[in-house]
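Novice: Each chain is listed here by its residues.
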Amino acid sequence: MLSVEKIAKSYSSNGWRGPGRHLVLKEVSLECRPGECVGIIGASGSGKSTLGRLILGLEQPDAGSVRIDGEELGRRSRRGAVSAVFQDYRSSIHPFFTVRQALQEALGGSRRSGDSKRGSSRKLETALEQVGLDVSYLERYPHELSGGQAQRIGLARALLTGARWIVLDEAVSSLDAPVQVQVLELLREARGTYGTGYLFITHDLEAAAYLCDRIAVLHEGRIIETIETERLGELRTPYARELLDKFRLGHALVPRQHAAITKEERG
Amino acid sequence: MDVLEVSRLSIAHAGSGAAIVPELSFCVKEKSCLAIVGESGSGKSIVCKAIMRLNGPALRQSGSIRFKGTELTELSDDRIRGLRGAQIGMILQNGMRAFDPGLRLGKQLHSVLKAHFGWSREQSRERLSEAMELLLLQSPTAVLNRYPHELSGGMLQRLMIALTLVLQPELVIADEPTTALDAASRQEAIGQLISLRRQAGCSMILISHDLSAVERIADEVLVLRGGMAVERGTAAELLTSPRHAYTRHLVESKHALSGRFVQALGGRTHAER
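Chains as they are written, first to last, in our numbering: chain A, 1 to 267; chain B, 1001 to 1273.
Chain B on its own, in the form it takes in the complex:
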């Protein structure tokens, strides 16, 4: 069964009428992860914001977005607000911008949990600590007492993942979750997204241009270019035998980049295989 069905979605500038996404249809299967890959400006973030109804009035959209059979485009703003977080979770690129800089993290995470579940502070703290331990985050209490600027980007990213784990949404949209991290934390974040999928049993949309993240997390891939789907298939298929010129270019660049690294480690490069 499909958790999310997007059909004939089109998004355009309200003023000029210029199309950003001419027409796009895709679906996310239950408990599977769809990666949306594309260069900057290909419309991947805007599509996800359209699902969450986060695009401002400057953009006009049409088409249908069905989440577990409910037509999202017909819901009131209030209903959508209740859905965000609890049913459809979002993990953003930049933890520094996603949190309120003036509030201790424990307090702002608690406000989210209170709004959705009506939990007391102790309950929130307990559940968050549990989730953080599952993600191998050390000393959760100390972390929750901090302000966002006192933690690294990787740490904030983990907290966002931990919050999502507590909220247990049906669908998680992760928008470039590894891009802003340094390469070592990136590997950790990938591991945590994998365990989020396993622990929460949720479906996921992963927006990324990091092919190694896509390879490890996603089941299916959709390649966007200029708002159009130019290629789709399973992750393994697409990464080993890409058909569209852009996808090929993406995969080849990745191989070119890692070629010397792999060679230095005594492995065979892609070209030699």
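Only chain A is shown next, with the shape it has when bound in the complex:
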């Protein structure tokens, strides 16, 4: 079990408007079972990326803790347990690294345990196959990848670390619909194969509903509501309802009755 307990985080803002502290997260608690997928939904500035960074141990909380199976984790021990895929993989790795080098780096841990060179090469190929790419991609550089390919390699890399949880921070947001479906499907598959748990951070309620078992709504640094995906329509808090309605409006394509509303509104 990955549990976030009453975590708080603030940043100092020493801008030209004078010093102050900006409270980003206020007592956020969240749990994610192994193999579970929890969506964290929020608008820009709601603190959702900060939450992801705290879970990854990229930053330290002011208060509260992140625990795995009850054990509080320091920066080092968390390595290997939680991994991440960010919005654009092309900008999150060294531009001079080939895909092989980037994936090899993720294998760092297992090389220590005495993997042969050939053995690790085989692992990289399997990892690529799992995300639907062939071996030729190993010699490519980040700029030679399309957005969807880059995200798939990011996923391959996260899976190679053998992490039990993966933080997906807007991992599909910049992709167009067909590629989004492709990557979301791969995430589903990987979860089936490895039992990996996901913390799916996004502003896209639709993508969250596609992948997640539960959805937590983050607003102004607090989780205001958590709900099972099947019961999404029963959200109660005003902000969450407002968010839901915006999405409903956006999906005029699907339910006919909403299409009628938008035509009227168009006048």
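Some hints here could point you the wrong way.
[To be verified] Derived EDC-like pairs (lysine to aspartate or glutamate); straight-line CA-CA distance at most 16 Å:
# : chain 1 : residue 1 : chain 2 : residue 2
1 : A       : Lys123    : A       : Asp134
2 : B       : Lys1068   : B       : Glu1005
3 : B       : Lys1114   : B       : Glu1133
4 : A       : Lys246    : B       : Asp1182
5 : B       : Lys1031   : B       : Asp1002
6 : A       : Lys246    : B       : Glu1188
Source of the hints: derived by calculation from the structure; they are not laboratory data.
Values in this document were obtained by computation on a predicted structure and should not be read as measured data.
Since the structure of chain A is provided, determine the placement of chain B on it from the hints.
Specialist: Same frame as chain A, now just chain B:
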């Protein structure tokens, strides 16, 4: 009548001669909105830049682009510059990159209005505030005193729309105006583009791969693939009964994506209908 007529437009790399857009013809009817849909690399942005003559010397283009009867390809660079903004407006994807980071927004928007209409600072401010109020933007004066980095992407997008509303161009080219926004601001931006169309009474080219934006804003759709038009028709037609494999794939993906969301809300999914 057609506001814009593009015929036999072809664009190629000047060096290698490789064609990006082999040959493309389309037109935009007066006061209507044409959406150009296609995957990245299909040439949709390059076509619009060709209309505005914004492609660099590395690209070679031929063909005819007629705007209200005037052949744009024959105009001097100066004439084109006068046309941009005032006659043909452009709304870009990324507000953070479209504005000068070192200038207060009011000042840079004023410089545009001064260049086109010779307005004083007060006049510009007044007209901009009016436009911003029409778009339901709160406290316009405070916003105009800010620098771009102090505002969110959605806010900058709204300012671009407000400026376009003041300029009242005949034709607006909106290049992925909703892509860089988070999903909630996206819905607002769509609403604002709709009211821009209504208030300014302009024609529009909407470049997007966001089908829900296309459905709500556009009248007609052109589907581009590898620089070629593979399908065209009215928005309603294309989204309900797409013919080309790519368009079908696009529409189906959209339905697949929203399927579980719609189901969770108790609606019927596309597959069940």
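Novice: Indicate, hint by hint, whether the structure satisfies it.
Specialist: Consistency of the hints with the structure:
1. Between lysine 123 of chain A and aspartate 134 of chain A the alpha-carbon distance is near 13 Å, which keeps this suggested pair within the 16 Å criterion.
2. The straight-line distance between the Cα atoms of lysine 1068 of chain B and glutamate 1005 of chain B is roughly 8 Å, inside the 16 Å bound, and the hint therefore holds.
3. Restraint check for lysine 1114 of chain B and glutamate 1133 of chain B: not satisfied, since their Cα atoms lie roughly 21 Å apart, outside the 16 Å limit.
4. Between lysine 246 of chain A and aspartate 1182 of chain B, the direct Cα distance comes to roughly 12 Å. Compliance with the 16 Å bound is thereby established for this hinted pair.
5. With a C-alpha separation of about 9 Å, the suggested pair lysine 1031 of chain B and aspartate 1002 of chain B falls inside the 16 Å cut-off, and the hint holds.
6. About 9 Å separates the Cα atoms of lysine 246 of chain A and glutamate 1188 of chain B, which keeps this hinted pair within 16 Å; it holds.
In summary, the one numbered hint that this structure violates is 3.
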